[in-house]
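S.K.: Residue strings, one per chain:
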Amino acid sequence: MRRSTIAAAALALAAATGTAVAQNEQFIPANGYWVGPYAPGGSGFFGGIIDYFQLLNERDGGINGVKLTWEKCETEYRNDRGVECYERSKKKGPTGATVIHPLSTGITYSLIDKATADHIPIISMGYGRADAADGRVFPYVFPLVTTYWSQADAMIKFIGQREGGMDKLKGKKIVLIYHDSAYGKEPHAVLEKLASQLGYQLTMIAVPHPGNEQQSQWLQVRQIRPDWVILWGWGVMNPTAIKAAAKIGFPRNKMVGVWWSGAEEDVIPAGSAAKGYISSGFNLPGTNFPVMQEILKYVYKKGKGEMDDKSRIGSIYHTRGVVAGIITAEAIRIAQTHFNKKGKPITGEEMRWGIENLNIDDKRLKELGAVGLMPTLRVSCMDHEGSGLVKFQEWDGAKWKPITDWIAADKKLIRPMMEASAAQYAKEKGITPRDCSREK
Amino acid sequence: MLYREAGQFKSSYAEDQQIFPIRQDRIAMGVLLAVAFVVLPLAGNEYWLSAILTPLLIFALAALGLNILTGYAGQLSLGTAAFMAVGAFMAYNFVLRMPWLGILPSFILAGLCAAAVGVVFGLPSLRIKGFYLAVATLACQFFVLWAIQRIGWFTNYSSSGVITAQQVVILGVPFDTPARKYLFTLTVVALMALAAKNLMRSETGRAFMAVRDMDVAASVIGIPMMKTKLLAFAISSFYCGVAGALHAFAYLGTVEPEAYSLELSFNILFMIVIGGAGSILGSFLGAAFITLFPIFLNLASDWLQNVTGIEIQHAVVSNLRVIIFGALIIFFLIVEPLGLARLWQITKEKLRLWPFPH
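Going down the list, the sequences are from chains A and B. Okay, so the first sequence: first residue is 1 according to the working numbering, each after it adds one. Okay, so the second sequence: first residue is 1 according to the working numbering, each after it adds one.
FYI, nobody ran anything at the bench for these hints, they're computed from the structure. By construction, the Cβ of each residue, glycine as well, lies at the ideal position given by its N, Cα and C atoms. Just so you know, not all the hints are guaranteed correct.
[To be verified] Covered stretches of chain B, going by a simulated chain A footprint (3 or more residues, C-beta under 8 Å):
| hint | stretch |
| --- | --- |
| 1 | 43-57 |
| 2 | 103-114 |
| 3 | 258-266 |
| 4 | 312-324 |
[Said to hold, decoys possible] Derived DSS-like pairs (lysine-lysine); straight-line CA-CA distance at most 25 Å:
| hint | chain 1 | residue 1 | chain 2 | residue 2 |
| --- | --- | --- | --- | --- |
| 5 | A | 401 | A | 157 |
| 6 | A | 91 | B | 181 |
| 7 | A | 427 | B | 181 |
| 8 | A | 157 | A | 173 |
| 9 | A | 91 | A | 254 |
| 10 | A | 254 | A | 92 |
| 11 | A | 172 | A | 275 |
| 12 | A | 411 | A | 67 |
| 13 | A | 429 | B | 129 |
| 14 | A | 254 | A | 243 |
| 15 | A | 275 | A | 173 |
| 16 | B | 227 | A | 92 |
[Stated by the list, open to error] One side of the interface only, derived from the structure: several residues of chain A facing chain B at Cβ under 10 Å:
| hint | residue |
| --- | --- |
| 17 | 36 |
| 18 | 69 |
| 19 | 72 |
| 20 | 84 |
| 21 | 85 |
| 22 | 90 |
| 23 | 91 |
| 24 | 112 |
| 25 | 113 |
| 26 | 185 |
Work out the full structure: start from the sequences and follow the hints.
M.R.: Here it is in structure tokens:
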């Protein structure tokens, strides 16, 4: 049991890692994944976020003169590695980690307690715990733009639209094919509740990680003969599902994917089988948006871009990363103004205020050059989701084509569920919810 | 020169049979324990305590559990992560449903539940051996995860199938900071490692080893096969179960069943392959190697980048880890099947003769 040598080596390592940092920098960890079955999502998203930070540094010299810095840490989409990366990154930079984008529902769950204790906000944009939208119980967690529960509701709304009215859903058969993880189980409660209200028959079929084997699941789909299939997949599971649907002859235009099943990387490997496949999204692809043009001009022309494969610039995951970058930078900006720290780095606590008071309206979107790239966003102490808007898009064989306007989730249905779930969490953990009327 | 036992006389059986018969070893162990219990928590580098040392100890405990079964009793198992999952989820349920019980009894009960599952899935070991037994324990891995994911009771009907471990409070002292969690883990692991060390030197341990070396011969000399094999499964699963409970309560805090995947089982198996099968020390060395090495690679690539300015892609580093692990496992299996622990032992033997080898 001689661990002394190892412990000594460990301490030596720790001592050597502490490097000097300049004071006028804002550090944001890039704890993502560039390998493994989910690498397309991780590399695209973090490529986008870093490209946007790089744009701010190159074009504006940072945010009010504060340069943004980041450091990559490979989590491999695994919870324990995610926690290790978090612990490693949280003290870096002059004020520690400003904000964490875990880009994994599992890692988000693992970090909620730790980040709350450390006063580091978590932005789980479009993933993570849906009930964290109740900011009274989860002050440091922001499932921004839209949560899985809003997503599930919007999907049923979309299916209702396609069927010609919500009352037409009665007696229809809907199958949910989901990734067997915390992520895949998030929509269950909402879909079940809606099933009891609207009268459709819901069957939920699990696909084990990583999802490259789905024959038995689709055999079951063939037996059920559903009217619609909702695909709640991730990574390699998505093209496999689309190909399996084609094999049993299930029409792809009756398949609706969640936003993690709706990127180029999910449909291109499925080839022609993916034509007509529908998915939702909260950001649009493309390089025509002014902000994307600026990124091309200021970042890629100088050879400082993150994406090695240039064809992926402007892909869904990449622009989603840019959206995350915009949200992060905007929150830093307003926190700097509010706390009178223009030109100085802010702390995680100040960042939390910044995110909670985000208000990205149409006017601001226009200034940012991101009109249409993302929905408007208004966060508050009560509502950590801020938008809840979703768009649906269809793959035409070459690119994603939006087919609806922004669809809002039914907050009257979702919000009480979120509050009840958050209240239960608060009770279990002994948290006294904040009084939002006292927040300034 | 320094490391030799000349002049250390033993005048009783107790002295002769102690765990560390050589005084230098005892001193080194004492220093190590003092460093682990006092210096490290006081030095208090939060990152090292919470992200490296705590998981290292937990995985060492799990590897120790597997080592009892595979290294000492010779029964190959691929269900380690499943036993950990049983421990984690049952500890959560005991604390949730019987809060008056307290944390430590809950942990023990969770370990016993894991032991029960271990015994059930150990039954095939009475008939099948080696590779085939590994396949049977593989069934345990899949069945346990399936049950936890499908039966709502285990996760207290959480919609996402995720549990959040309760706070560890013992005698009114909350173990909430990284240093305290580390100390809690260290205490449990140290006590259990000591128990394992003694158990393996007892009659039970010798029976395990006899079964491992040749089970027909063992049964001929009167070692009851069923009792010994099932006991090995039970003890091993108990250790893994407690490791799982610690993993949930002292390390991750929030766990989903997927955390205990087959990959984790393999990782723990690699720990004992690299660390050394049939050695308590080997479990710790292997766990240290497997948990520290990827972090070391990650940091090394950063330094290299700072020093030379050559950017090493993240993907390359991660893939490098897999390549190096694979190569090392083959290397150890061929060159030193008894792993790092054996290398350490050889070093000690050499050290005794140094500097005048004869």
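S.K.: Hint by hint, note whether the structure agrees.
M.R.: Status of the hints after comparison with the structure:
{"no.": "1", "hint": "43-57", "in the structure": "holds (count 10)"}
{"no.": "2", "hint": "103-114", "in the structure": "violated (count 0)"}
{"no.": "3", "hint": "258-266", "in the structure": "holds (count 3)"}
{"no.": "4", "hint": "312-324", "in the structure": "holds (count 6)"}
{"no.": "5", "hint": "A/401 with A/157", "in the structure": "holds, 19 Å"}
{"no.": "6", "hint": "A/91 with B/181", "in the structure": "holds, 19 Å"}
{"no.": "7", "hint": "A/427 with B/181", "in the structure": "holds, 23 Å"}
{"no.": "8", "hint": "A/157 with A/173", "in the structure": "holds, 15 Å"}
{"no.": "9", "hint": "A/91 with A/254", "in the structure": "violated, 48 Å"}
{"no.": "10", "hint": "A/254 with A/92", "in the structure": "violated, 48 Å"}
{"no.": "11", "hint": "A/172 with A/275", "in the structure": "holds, 24 Å"}
{"no.": "12", "hint": "A/411 with A/67", "in the structure": "violated, 38 Å"}
{"no.": "13", "hint": "A/429 with B/129", "in the structure": "violated, 46 Å"}
{"no.": "14", "hint": "A/254 with A/243", "in the structure": "holds, 14 Å"}
{"no.": "15", "hint": "A/275 with A/173", "in the structure": "holds, 23 Å"}
{"no.": "16", "hint": "B/227 with A/92", "in the structure": "violated, 54 Å"}
{"no.": "17", "hint": "36", "in the structure": "holds, 8 Å"}
{"no.": "18", "hint": "69", "in the structure": "violated, 14 Å"}
{"no.": "19", "hint": "72", "in the structure": "holds, 5 Å"}
{"no.": "20", "hint": "84", "in the structure": "holds, 4 Å"}
{"no.": "21", "hint": "85", "in the structure": "holds, 8 Å"}
{"no.": "22", "hint": "90", "in the structure": "holds, 8 Å"}
{"no.": "23", "hint": "91", "in the structure": "holds, 7 Å"}
{"no.": "24", "hint": "112", "in the structure": "holds, 7 Å"}
{"no.": "25", "hint": "113", "in the structure": "holds, 5 Å"}
{"no.": "26", "hint": "185", "in the structure": "holds, 5 Å"}
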